[in-house]
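Visitor: Please model the entire structure based on the sequences and the hints provided.
Going down the list, the protein sequences come from chains L and U.
The first sequence begins at 0 in numbering that gives the first Met the number 0 and counts up one residue at a time.
The second sequence begins at 0 in numbering that gives the first Met the number 0 and counts up one residue at a time.
Note that these hints are calculated values from the structure, not bench results.
Backbone N, C-alpha and C define an ideal beta-carbon position, used for all residues, glycine too.
Treat the hints with care, as some may be off.
[Unchecked claim] Now the stretches of chain U that chain L is said to cover, found in silico as 3 or more residues with beta-carbon under 8 Å:
hint : segment
1    : 236-242
2    : 391-403
[Unchecked claim] Taking lysine to aspartate or glutamate and the EDC-like style, the derived pairs with C-alpha atoms no more than 16 Å apart in a straight line are:
hint : chain 1 : residue 1 : chain 2 : residue 2
3    : U       : Lys437    : L       : Asp98
4    : U       : Lys437    : L       : Glu50
5    : U       : Lys284    : U       : Glu168
6    : U       : Lys70     : U       : Asp313
7    : U       : Lys437    : U       : Asp313
8    : U       : Lys28     : U       : Asp338
So you can see what is in the structure, the chains are spelled out below.
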Amino acid sequence: MARYQITEEDFAFAREFMETPIGYHSPGLQRVLNRMRGADWTRKYVLVIEERYRLWRLAQLPVGRGAQVEIIEGVVYTDLVEAERDIFRRRWKDLTGQDLDTALPQTT
Amino acid sequence: MLPIVGYTNKLTAEPGETVDVMVSSFGAKTYSADLRQIIQGDTNPEGPGYKDHLITLDLGGTRTAISKPFKPGSCVIVPGLGALPAIQDFTLAAVVRPTLLDGRRRSIVALPGLAEIAIDGDGHLTGQAGDTALVSSVKLSTKHWHVVSLSYDARRELLSLAIARDRDEASTPPRAHIVSTKAVLAARVPSECIIAATRGADGELTAFLDGKVDRPALFDTCLEPDTIRTLLTDFALLRRQRSLLAAWDFSRRMTSRTICDISPFQMHGHIHNAPARAMTGWLWKGQELDWKLRPDLYSAIHFHATDMYDAGWDVDFTLTIPSDLKSGVYAVRLVPDGDEDSAYFCVFAVRPPRDRPSGNTVAFLFPTCSYMAYANHRLGMDVPGTEIGMGRAVELDRHHMFLQNNPGIGFSVYETHDDESGVFHTSRLRPIVDMQPKVKSFLGGFGSNIWQFNADTHILGWLDAIGQNHDVITDEDMHADGLTLLQRYNVVITGTHPEYYTRNMIEALQGFTDRGGRLMYLGGNGFYWVVSFNEDMPGIMECRRSEAGIRPWEPGHGQFYHGFTGEYGGLWRRNDHPPNHLCGVGMTSQGFDVSEPYVLSDNATDPRAAFIFDGISGPGIGNFGLAGGGAAGLEVDRADPAQGTPDHALVLAFSVRHTDIYLMTPEDLLDPTPDWSGTQADIIRADLTFFETEGGGAVFSTGSIAWAGAMAWNNYDNEVARMTHNVLRRFNEETPFDFPGGQGW
Numbered sequence: 000m001a002r003y004q005i006t007e008e009d010f011a012f013a014r015e016f017m018e019t020p021i022g023y024h025s026p027g028l029q030r031v032l033n034r035m036r037g038a039d040w041t042r043k044y045v046l047v048i049e050e051r052y053r054l055w056r057l058a059q060l061p062v063g064r065g066a067q068v069e070i071i072e073g074v075v076y077t078d079l080v081e082a083e084r085d086i087f088r089r090r091w092k093d094l095t096g097q098d099l100d101t102a103l104p105q106t107t
Numbered sequence: 000m001l002p003i004v005g006y007t008n009k010l011t012a013e014p015g016e017t018v019d020v021m022v023s024s025f026g027a028k029t030y031s032a033d034l035r036q037i038i039q040g041d042t043n044p045e046g047p048g049y050k051d052h053l054i055t056l057d058l059g060g061t062r063t064a065i066s067k068p069f070k071p072g073s074c075v076i077v078p079g080l081g082a083l084p085a086i087q088d089f090t091l092a093a094v095v096r097p098t099l100l101d102g103r104r105r106s107i108v109a110l111p112g113l114a115e116i117a118i119d120g121d122g123h124l125t126g127q128a129g130d131t132a133l134v135s136s137v138k139l140s141t142k143h144w145h146v147v148s149l150s151y152d153a154r155r156e157l158l159s160l161a162i163a164r165d166r167d168e169a170s171t172p173p174r175a176h177i178v179s180t181k182a183v184l185a186a187r188v189p190s191e192c193i194i195a196a197t198r199g200a201d202g203e204l205t206a207f208l209d210g211k212v213d214r215p216a217l218f219d220t221c222l223e224p225d226t227i228r229t230l231l232t233d234f235a236l237l238r239r240q241r242s243l244l245a246a247w248d249f250s251r252r253m254t255s256r257t258i259c260d261i262s263p264f265q266m267h268g269h270i271h272n273a274p275a276r277a278m279t280g281w282l283w284k285g286q287e288l289d290w291k292l293r294p295d296l297y298s299a300i301h302f303h304a305t306d307m308y309d310a311g312w313d314v315d316f317t318l319t320i321p322s323d324l325k326s327g328v329y330a331v332r333l334v335p336d337g338d339e340d341s342a343y344f345c346v347f348a349v350r351p352p353r354d355r356p357s358g359n360t361v362a363f364l365f366p367t368c369s370y371m372a373y374a375n376h377r378l379g380m381d382v383p384g385t386e387i388g389m390g391r392a393v394e395l396d397r398h399h400m401f402l403q404n405n406p407g408i409g410f411s412v413y414e415t416h417d418d419e420s421g422v423f424h425t426s427r428l429r430p431i432v433d434m435q436p437k438v439k440s441f442l443g444g445f446g447s448n449i450w451q452f453n454a455d456t457h458i459l460g461w462l463d464a465i466g467q468n469h470d471v472i473t474d475e476d477m478h479a480d481g482l483t484l485l486q487r488y489n490v491v492i493t494g495t496h497p498e499y500y501t502r503n504m505i506e507a508l509q510g511f512t513d514r515g516g517r518l519m520y521l522g523g524n525g526f527y528w529v530v531s532f533n534e535d536m537p538g539i540m541e542c543r544r545s546e547a548g549i550r551p552w553e554p555g556h557g558q559f560y561h562g563f564t565g566e567y568g569g570l571w572r573r574n575d576h577p578p579n580h581l582c583g584v585g586m587t588s589q590g591f592d593v594s595e596p597y598v599l600s601d602n603a604t605d606p607r608a609a610f611i612f613d614g615i616s617g618p619g620i621g622n623f624g625l626a627g628g629g630a631a632g633l634e635v636d637r638a639d640p641a642q643g644t645p646d647h648a649l650v651l652a653f654s655v656r657h658t659d660i661y662l663m664t665p666e667d668l669l670d671p672t673p674d675w676s677g678t679q680a681d682i683i684r685a686d687l688t689f690f691e692t693e694g695g696g697a698v699f700s701t702g703s704i705a706w707a708g709a710m711a712w713n714n715y716d717n718e719v720a721r722m723t724h725n726v727l728r729r730f731n732e733e734t735p736f737d738f739p740g741g742q743g744w
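Guide: In structure tokens form, the structure reads like this:
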């Protein structure tokens with residue numbers, strides 16, 4: 000179990016991520032991402048390629064080797080950066096119970 | 000998903016040679032096949048575009064696609080027991096340490112149809128003889144060795160099952176727990192003995208064990224457990240027992256498939272699906288770490304239900320390589336039910352003729368060992384941290400979905416077996432679904448995100464774009480033919496990530512540059528791990544990741560020496576062949592998100608390097624590319640005199656920062672502190688390096704996997720491609736390089 004828990008203290012890093020999902024990140028954002036992307040998931044978000052470089056489906060990958068990849072119906076992406084933002088929002092909700100888009104504007 | 004998959008019986012063939020093609024349907028009803036030369040496999044719209052050439056060759060039209068299963072699981076099979084007299088009284092015994100107890104029934108040793116010692120779904124020891132079954136109250140433990148036996152005394156009509164657990168931490172001697180029952184068994188002649196599996200009613204192998212077995216034996220008398228223990232500890236005493244029918248000493252002929260019976264009957268067997276040999280046995284207590292010095296302590300085999308060597312599919316068809324086909328990378332393309340978008344590519348190299356040079360002076364070294372090491376790897380599925388290393392979500396391509404649904408295809412040396420022990424072996428005698436053009440990967444960086452074979456097609460595509468005649472030779476060719484093959488060339492060009500090398504290979508390539516050859520190392524993390532082939536099992540490769548290196552597992556205490564050759568496993572850096580000797584740089588860090596440009600150093604103006612910079616100006620180069628958006632990235636190497644970089648080597652350019660996903664390699668991070676990351680430590684960089692050799696040769700190293708992705712940018716029209724061409728042009732001239740002998744570093 001990861002020690003680090005995401006809280007409202009991390010809003011600044013959420014903003015940073017939404018600005019630049021891929022590339023250089025502050026140590027604080029990297030810590031948030033390590034929490035989100037680490038091993039503490041029984042079902043991990045992955046992108047199933049529908050058409051290479053054009054279309055991806057959101058799915059969850061169970062821990063068990065050989066277990067079925069579970070497609071999340073109706074969630075498709077045409078841009079990998081947008082996919083990263085959406086997965087970040089979903090994990091924020093999973094870990095904090097908060098809707099990130101709702102919560103972010105209320106703080107500065 | 001993949002409706003059809005296949006493989007060839009070899010990854011290299013010369014003109015006139017035959018290649019067998021094995022195909023299985025995973026949904027396809029029919030398929031047709033053609034032969035194609037693979038030029039450029041990246042389908043990224045930002046890239047130069049997919050390109051292959053159809054070769055005019057009739058491969059037989061439409062065929063029925065037949066479903067053929069994967070049958071993983073290793074064991075020992077000893078046929079020919081029918082020569083023994085009928086057995087009435089008997090004792091079947093072995094020493095066993097299971098490594099996975101997960102509810103599945105596991106067989107330890109079986110005389111199918113006659114007797115078996117097994118582990119039931121609850122972990123209890125079970126014994127079966129005829130219709131009589133016994134279940135011990137004792138459960139086996141994955142932490143201990145157990146002496147187990149099944150004995151029958153006809154006079155007393157008594158069948159007994161015994162188990163004694165060795166508890167190293169206990170101060171009391173092992174004590175056998177025995178369960179017995181009345182039974183009347185007819186005298187029978189066994190047909191075969193199977194160790195670590197048995198046969199099902201359909202005759203197929205089943206109930207594979209995950210675990211170690213040591214010194215299984217069969218006697219024609221009923222022995223007490225204490226007697227069994229005494230005999231099993233001493234092979235010299237054991238073999239003189241008149242009651243002995245067979246005893247298999249796994250420490251004999253460990254580098255082969257053969258299993259030796261030390262009894263006078265000499266009922267030898269063989270391994271099936273390549274379990275790990277040269278493994279610490281029942282009596283190993285740390286006395287010796289090298290099995291060659293005390294083979295008697297390495298008398299165990301570690302079996303896995305997931306081991307896979309040869310898929311063994313029936314041959315669908317055989318093609319003969321046309322005698323006039325030029326050397327290159329080719330694929331038998333299998334098109335299922337007319338659906339070209341779902342085509343499967345069985346990739347292999349057509350090497351130049353063995354008996355005569357082609358006349359080409361440039362060779363692309365097709366890194367089949369590294370392709371095999373990564374064959375069917377599951378890093379994005381099995382290792383949660385892969386997403387952290389990628390800096391973005393894992394993408395699953397069709398072949399990944401196929402791997403997820405078909406784990407029986409067998410693993411790469413990046414995986415662990417179900418018992419979490421490392422996968423030592425990888426084989427090319429099975430489909431390698433990630434060794435295809437077009438496929439995406441996990442580690443290729445933001446952009447094309449391609450890896451190993453498909454990433455190497457950026458180099459093949461560049462050779463095509465500049466019209467450079469060349470041969471393609473494979474790692475296996477270089478391993479077998481050494482310098483007799485390499486000496487045909489002025490220039491050898493590597494792939495993007497030639498990470499795995501046998502001793503033959505690294506010594507041949509070193510001999511090549513020492514004697515005037517020119518090496519263009521267009522990759523990163525090259526020449527890193529020691530691997531071995533097996534002289535008795537073509538197509539399989541071993542890797543034991545000892546001591547250091549970025550690695551997904553350790554081989555286990557006392558198991559650092561390869562079973563195939565006895566070589567010390569691990570990094571070439573620890574085996575007197577650091578990559579720095581060969582190419583001037585060595586692995587320093589990795590990250591799979593974004594890449595960086597190089598910044599020219601003062602050495603870039605050195606007259607020795609003037610030919611490299613013809614038409615190129617700094618201060619930066621390679622601020623673009625298909626592999627993370629820069630020429631320096633993914634896995635990067637640094638020049639380091641302490642690791643063997645020649646003193647006169649010129650570091651012409653280097654990357655000056657990377658993201659904090661890039662961390663230090665374990666072999667250099669002796670005392671972990673939080674400052675060894677890409678934004679903080681200048682040791683984390685790619686060094687573009689050039690040096691001459693005393694024999695008139697020269698080496699150009701990019702120290703970056705991402706380099707080729709930059710070459711392919713803008714349809715190969717850019718400064719990185721131009722610099723690479725500058726190097727190739729001069730390297731391909733006969734004029735020897737002057738050896739400066741100075742202190743250029």
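Visitor: What are the numbers of the hints that this structure violates, sorted from low to high?
Guide: Violated hints (numbers, rising): 1, 3 and 7; every other hint is consistent with the structure.
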